[in-house]
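Undergrad: Each chain, letter by letter, is given below.
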Amino acid sequence: MSRIVVVGASAAGLTAAEALRREGYGGRLTLVGDEPHLPYDRPPLSKQVLRGSWTPDRTALRRADHLDGLGARWLLGRTAAGLDAAARTVTLVDGEVLGYDGLVVATGVTPRSLPRGHELAGVHVLRTLDDALALREGLLTAASVVIVGAGFLGSEAAAVATELGADVTLVDPLAAPMIRQLGPLVGDMAARLHTGHGVRVRTRTGVRRLAGEDGRVVGVVLDDGSHVPADLVLVAIGSTPSVGWLTGSGLALGDGVECDELCRAAPGVVAAGDVASWHHPGLGRLRVEHRMNATEQGTAAALTLLGGGRPFAPVPYFWTDQYDVKIQAYGLTGQEATFRVVAGDPAEGRFAGLYGRAGRVVGALGWNMPREARTLRRHVTETTPWPQVMTPAGG
Amino acid sequence: MKVILDQDKCVGSGQCVLVAPEVFDQRDEDGIAVLLDPDPPAGRHAETREAARLCPALAIELADS
Ligand SMILES: Cc1cc2nc3c(=O)[nH]c(=O)nc-3n(C[C@H](O)[C@H](O)[C@H](O)COP(=O)(O)OP(=O)(O)OC[C@H]3O[C@@H](n4cnc5c(N)ncnc54)[C@H](O)[C@@H]3O)c2cc1C
Ligand code: SF4
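Chains as they are written, first to last, in the working numbering: chain A, 1 to 395; chain B, 1 to 65.
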């Protein structure tokens with residue numbers, strides 16, 4: 001193997017490149033990324049950067065001298081347009097053709113937009129540094145803000161927008177914020193957290209369209225026909241894997257790039273990070289949009305490319321910070337599992353608990369109890385039988 | 001090896017404690033990491049490197065000395 005190309009120069013792609021070098025790969029290494037910036041970290045965008053407590057340079061994933069040390073060719077501000085997996089070439093939008101022996105696909109995800117009214121001025125999404133800076137600028141002058149979508153991203157942005165003094169409405173068709181990812185009990189806690197900070201939480205209602213005047217957004221029309229005025233709207237309704245450039249390549253594209261247990265998508269092709277769906281040996285087919293996974297899977301995919309791969313079987317990990325609440329989630333914590341508090345007390349705003357499914361512990365969560373959550377994680381790795389942790393509350 | 005921990009960046013994931021429990025711990029009240037050993041012995045260098053690599057908040061820096 002003497003030519004490796006990495007497409008997507010962010011957390012997963014950069015980690016894969018580093019792992020290749022660490023494992024002794026001495027051949028040519030090319031990183032292609034369509035953003036103009038050196039690799040930066042996304043989680044602070046909806047937190048410190050949006051709030052203004054960090055300048056953008058603090059989000060750099062690595063220092064410039066470290067990046068130089070990788071001995072790679074950096075093609076930044078360049079977009080991959082196509083892949084020919086048989087000929088082993090990647091073609092860029094500007095026509096350059098890159099031949100490879102090994103390819104890492106790490107192109108992440110792209111925010112969904114609303115079908116009607118998304119093009120109006122004052123309508124934002126939040127994925128990139130440029131998105132975050134534009135959103136912050138808008139929030140500094142916006143009086144009323146509507147956030148469409150109460151997942152992690154929308155919920156974090158609602159917290160920061162409130163802290164910046166805006167009047168915020170958080171809208172979601174589901175019953176509670178983050179319910180899909182964390183279940184109804186934690187979702188209810190989140191609804192109360194936001195309401196307590198003055199956010200109007202409008203659940204069980206979708207958005208029919210965005211209303212505009214002279215090309216600027218003026219409000220949101222909900223499914224029940226009611227109108228919520230807004231001079232800024234953040235659309236945070238999830239993302240889709242960035243696989244458009246792989247159409248017709250022969251790679252299996254389902255929910256992202258479909259890989260096997262070793263993160264292999266085709267001979268000589270691996271995928272990692274938000275874009276990759278792989279077969280987790282214990283949990284089945286998964287695609288994980290979490291920061292920790294970008295690092296772990298970037299490393300795993302690189303090892304596979306060099307012939308030393310092992311089945312990729314992480315305990316997924318996610319955190320989110322909203323107001324003064326820190327949530328830590330390990331394993332599977334979605335609404336299809338049953339949640340039970342095993343330490344602390346939700347009424348006191350500090351608790352930790354376990355998620356069970358099919359008779360086994362599958363997830364652990366801490367709400368302002370990070371240390372306990374980490375301790376409970378062992379039940380996830382050991383797949384402790386659910387009855388064993390179903391002792392009376394607090395036990 | 002010198003370990004430098006940026007507590008302002010730490011998000012309390014506990015990943016460092018999971019891989020290098022002799023070098024890192026977490027504060028009880030807010031889960032922010034604390035350094036148990038800022039100058040770990042050679043036998044712990046591998047796990048300390050692993051912790052720095054895994055930290056999802058890029059809060060751990062290593063200086064070889
Ligand atoms: C605002 C925000 C807050 C977050 N907060 C948290 C959090 O608190 N906790 C947590 O666990 N996770 C969080 N995440 C998720 C985490 O940031 C992602 O899981 C992580 O960034 C995934 O890394 P990646 O390298 O797979 O994808 P990305 O970081 O999306 O990188 C993919 C890169 O590929 C580029 N690209 C796409 N298509 C092409 C192409 N055709 N050619 C060239 N380049 C291309 C993209 O522009 C991008 O730079 C957050 C994400 C966002 C956006
Ligand atoms: S791994 Fe990083 S973020 Fe997690 S507790 Fe340790 S220092 Fe903090």
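Simulated from the structure, these hints should not be mistaken for laboratory data.
Note that the structure is predicted; figures quoted are calculated from it, not measured.
Heads up, the beta-carbon is just placed ideally off N, CA and C, and yes, glycines get one too.
Fair warning: there could be bad hints in the mix.
The calculated label-pair distances, taken between Cβ atoms and stated as ranges, are [said to hold, decoys possible]:
id, chain 1, residue 1, chain 2, residue 2, range
1, B, 44, A, 116, 55 to 61 Å
2, A, 244, B, 64, 39 to 45 Å
3, B, 50, A, 324, 26 to 32 Å
Undergrad: Please go over all the hints and tell whether each is borne out by the structure.
TA: For each hint, the structure was consulted:
no. : hint                     : verdict
1   : B/44 / A/116: 55 to 61 Å : 57 Å, holds
2   : A/244 / B/64: 39 to 45 Å : 43 Å, holds
3   : B/50 / A/324: 26 to 32 Å : 31 Å, holds
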